[in-house]
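Residues per chain are reported as follows:
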Amino acid sequence: MLLLINNISVVYSDVIQVLKGVSLSIEEHNIVSLLGSNGAGKTTTLKAVSGLLKPENGKVTDGEIIFQGEKIHNKAPEEITRLGIIQVLEGRQPFKYLTVEENLRVGTATRPGQSFKDDLELVYHYFPALKTRRKMKAGYCSGGELQMLVIGRALMAHPKLLLLDEPSLGLAPLVVREIFQIIKRINEEQKTTIILVEQNANMALQIAHYGYVMENGRIVMEGRANELRENPDIKEFYLGLAPDGEGHSYTDVKAYRRRKRWL
Amino acid sequence: MEFFWQLMINGLSLGFLYGISAMGFVMIYKSSSVLNFAHGELLALGAYIFLAFMMWFKIPAIPAFIITLVLCFAFGFLVERVFLRPLIGEPLIFVIMLTVGLASMMKGAILLLWGGNLYTYPEFIPQTLTLSLGGVNIQPVYNVSFMLGVVFLLIFGFFFKYTSQGIFMRSVADNQRAALSLGVNVRRIFALSWAIAALVAGMSGIVLGVINGINVHELSAIGLKVFPVVILGGLDSIAGAIVGGVIIGVLESFTGGYLTPSLRDVVPYIILVGILMVKPYGLFGQVEIERV
Ligand SMILES: Nc1ncnc2c1ncn2[C@@H]1O[C@H](COP(=O)(O)OP(=O)(O)OP(=O)(O)O)[C@@H](O)[C@H]1O
Ligand SMILES: [Mg+2]
Numbered sequence: 001m002l003l004l005i006n007n008i009s010v011v012y013s014d015v016i017q018v019l020k021g022v023s024l025s026i027e028e029h030n031i032v033s034l035l036g037s038n039g040a041g042k043t044t045t046l047k048a049v050s051g052l053l054k055p056e057n058g059k060v061t062d063g064e065i066i067f068q069g070e071k072i073h074n075k076a077p078e079e080i081t082r083l084g085i086i087q088v089l090e091g092r093q094p095f096k097y098l099t100v101e102e103n104l105r106v107g108t109a110t111r112p113g114q115s116f117k118d119d120l121e122l123v124y125h126y127f128p129a130l131k132t133r134r135k136m137k138a139g140y141c142s143g144g145e146l147q148m149l150v151i152g153r154a155l156m157a158h159p160k161l162l163l164l165d166e167p168s169l170g171l172a173p174l175v176v177r178e179i180f181q182i183i184k185r186i187n188e189e190q191k192t193t194i195i196l197v198e199q200n201a202n203m204a205l206q207i208a209h210y211g212y213v214m215e216n217g218r219i220v221m222e223g224r225a226n227e228l229r230e231n232p233d234i235k236e237f238y239l240g241l242a243p244d245g246e247g248h249s250y251t252d253v254k255a256y257r258r259r260k261r262w263l
Numbered sequence: 001m002e003f004f005w006q007l008m009i010n011g012l013s014l015g016f017l018y019g020i021s022a023m024g025f026v027m028i029y030k031s032s033s034v035l036n037f038a039h040g041e042l043l044a045l046g047a048y049i050f051l052a053f054m055m056w057f058k059i060p061a062i063p064a065f066i067i068t069l070v071l072c073f074a075f076g077f078l079v080e081r082v083f084l085r086p087l088i089g090e091p092l093i094f095v096i097m098l099t100v101g102l103a104s105m106m107k108g109a110i111l112l113l114w115g116g117n118l119y120t121y122p123e124f125i126p127q128t129l130t131l132s133l134g135g136v137n138i139q140p141v142y143n144v145s146f147m148l149g150v151v152f153l154l155i156f157g158f159f160f161k162y163t164s165q166g167i168f169m170r171s172v173a174d175n176q177r178a179a180l181s182l183g184v185n186v187r188r189i190f191a192l193s194w195a196i197a198a199l200v201a202g203m204s205g206i207v208l209g210v211i212n213g214i215n216v217h218e219l220s221a222i223g224l225k226v227f228p229v230v231i232l233g234g235l236d237s238i239a240g241a242i243v244g245g246v247i248i249g250v251l252e253s254f255t256g257g258y259l260t261p262s263l264r265d266v267v268p269y270i271i272l273v274g275i276l277m278v279k280p281y282g283l284f285g286q287v288e289i290e291r292v
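Those protein sequence lines, which keep their order, are chains V and X. According to this note's numbering, the first sequence holds residues 1 to 263 in order. According to this note's numbering, the second sequence holds residues 1 to 292 in order.
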């Protein structure tokens, strides 16, 4: 087990409780998808792991997070990133006034002074579009290019565990497909373990090995990705597929009840 | 015409100095949003440390200059560590008030050690550095100041564009959360900005001390000119700080030469007010990239 999240509670500003006993276990070399609707607490879970709760006045008040045998909850992001955990933030967050290549160089912050030429080439190998834009200010890149940039930037840090927060956000379906294929290749070729937070359950479950579903700060379901894809509740609530052979209005009522049970 | 060029060149070299010390101010602002009201005292500190090495320890000018810069750098680092770091996360206004307090403390310390008299450095810039360009004589100190300006500009240009630390510094100024997510040591960057700011301020303090003599009240007043300079240049633009500095320097020089010397120190503030009324973000502020 690479990462173990054991029954954690997270509270913001000492009063707003957002996570209420979340547990995840992440196997090495897997892609684990974390699904859930808006406000479920997915981003908060990632931030609890990466230490980025701290600057937002959030805290793990209960439970523990163990990475490679070491307790890391409530440590500073400077420390956690140096253990090999890198979070790619929701909504991309490039350095707008830095060029694409300078953005990538910031990814070497956890290992200053070491050579990074090979790593740049590796990133350009996965994202050839970035190479042609290398001298351009990141602020002028398109959304798809930016998503590639921030994933590439994280790769520069040689992460053991990569936390991706909604990489599909606001991108065209074709671009999403391309980026997800690359995420899968990174996982297979670089042996990077990935936690993939997504609204786009369909795409996420196609490349993930395992999945968790989160609602209202709790894990409500988990399972192997192929099983989750077949699960009728998941199909209905997250994949947007109607279950077969049932009348519409009847299904709605039933779905409402079923969903209510979860929340 | 010769007089014109004389004023122009003096103004340019002074302006360069203003610009470079303003660059330090802008760096602190860009990385941590803190306005440093102790900027003038940092200037004075450089001038007095140099004075101490020259007069008390009788060290030759060039080593004394280098040691002074190193000490200023270390002092800036220390100030961040001791005074500002405990306030990270507190409302900005506290931090800014702290720099006001710091300014008084430094001024007090300097007055205690040296008193309020006007000192001058022993002559150390060789007269052979006087430059004659088509009948215009440029005094050695302005020459030296100009050269220092160019050298520092090249060094910092290189530092910010090509070295990793320089790029990390810019990344913190650009998007602090993202920098944090990649493991950039943001607190170290704050400290480094203070260190560099103290260094460039100290450097300008020494040159201004050569030109005007060394007096803590005067030097800290000159330090306040950083406000018109950065307002003119745009608070968030390092290149703007240099341009703003040069413009203020030249205008001051012309006012002093053609109108009356008593007006020269007022001109920057007249410009400041004028600009704030028409263009509150400065003339050369960073163009906001909207597309993201
Ligand atoms: N800094 C904060 N202070 C207080 N409350 C917060 C903070 N950040 C998030 N929250 C609250 O925590 C809850 C979960 O937020 P979180 O961002 O983790 O959800 P999410 O699952 O990532 O949602 P989305 O899919 O919309 O990104 C929300 O109700 C949100 O309002
Ligand atoms: Mg989120």
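Worth flagging that the hints you see were computed from the coordinates, not collected in a lab. All C-beta atoms in this analysis are idealised placements derived from N, C-alpha and C, irrespective of residue type, glycine included. Be aware that a few hints might be false.
Within a straight-line C-alpha distance of at most 30 angstroms, the following computed DSS-like cross-link-like pairs (lysine-lysine) qualify [unchecked claim]:
no. : chain 1 : residue 1 : chain 2 : residue 2
1   : V       : Lys54     : V       : Lys75
2   : X       : Lys30     : V       : Lys137
3   : V       : Lys137    : X       : Lys161
4   : V       : Lys75     : V       : Lys59
5   : V       : Lys59     : X       : Lys161
6   : V       : Lys160    : V       : Lys54
7   : V       : Lys131    : X       : Lys30
8   : V       : Lys235    : V       : Lys20
9   : V       : Lys117    : X       : Lys107
10  : X       : Lys30     : V       : Lys75
11  : V       : Lys117    : X       : Lys58
Rough simulated footprint, nothing fancy, chain V against chain X, three-plus residues with beta-carbon under 8 angstroms [stated by the list, open to error]:
no. : segment
12  : 100 to 113
13  : 175 to 184
Practice problem: Starting from Lys117 (chain V), check that the Cα of Lys107 (chain X) is at most 30 angstroms away, please. | Solution: Violated - the C-alpha atoms of Lys107 (chain X) and Lys117 (chain V) are around 48 angstroms apart, more than 30 angstroms.
Practice problem: Could you grab the alpha-carbon distance between Lys54 (chain V) and Lys75 (chain V) and see if it respects the 30 angstroms cut-off? | Solution: Between Lys54 (chain V) and Lys75 (chain V) the Cα gap is close to 8 angstroms, so the pair holds against 30 angstroms.
Practice problem: Verify the proposed pairing of Lys160 (chain V) with Lys54 (chain V), using a straight-line Cα cut of 30 angstroms. | Solution: Holds: Lys160 (chain V) and Lys54 (chain V) sit about 22 angstroms apart, inside 30 angstroms.
Quiz item: Is the Cα-Cα distance between Lys137 (chain V) and Lys161 (chain X) 30 angstroms or less?
Solution: Given that 30 angstroms is the threshold and the Cα spacing comes to 13 angstroms, the pair holds.
Quiz item: Within the segment 175 to 184 of chain X, is the number of residues with a Cβ closer than 8 angstroms to a Cβ of chain V three or more?
Solution: holds (count 9)
Practice problem: Test coverage of the segment 100 to 113 of chain X by chain V using CB-CB distances below 8 angstroms; three residues minimum. | Solution: With 0 residues close enough to chain V, the hint is violated.
Quiz item: Taking only the CA atoms, is the gap from Lys75 (chain V) to Lys59 (chain V) under or equal to 30 angstroms?
Solution: 10 angstroms, holds
Quiz item: For the pair supplied as a hint, Lys117 (chain V) and Lys58 (chain X), is the alpha-carbon distance within the 30 angstroms limit?
Solution: Violated: Lys117 (chain V) and Lys58 (chain X) sit about 48 angstroms apart, past 30 angstroms.
Quiz prompt | Given pair status - Lys137 (chain V), Lys30 (chain X), alpha carbons within 30 angstroms | solution = Distance of about 18 angstroms is within 30 angstroms: holds.
Quiz item: Given the hinted pair Lys59 (chain V) and Lys161 (chain X), is their alpha-carbon gap at most 30 angstroms?
Solution: 37 angstroms, violated
Quiz item: Quick one, are Lys235 (chain V) and Lys20 (chain V) close enough, alpha carbons at most 30 angstroms?
Solution: Between Lys235 (chain V) and Lys20 (chain V) the Cα gap is close to 25 angstroms, so the pair holds against 30 angstroms.
Quiz item: Lys30 (chain X) and Lys75 (chain V): Cα distance at most 30 angstroms?
Solution: At roughly 26 angstroms apart (the allowed maximum being 30 angstroms), Lys75 (chain V) and Lys30 (chain X) satisfy the hint.
Violated hints, listed in ascending order, are 5, 9, 11 and 12; each of the other numbered hints is respected by the structure.
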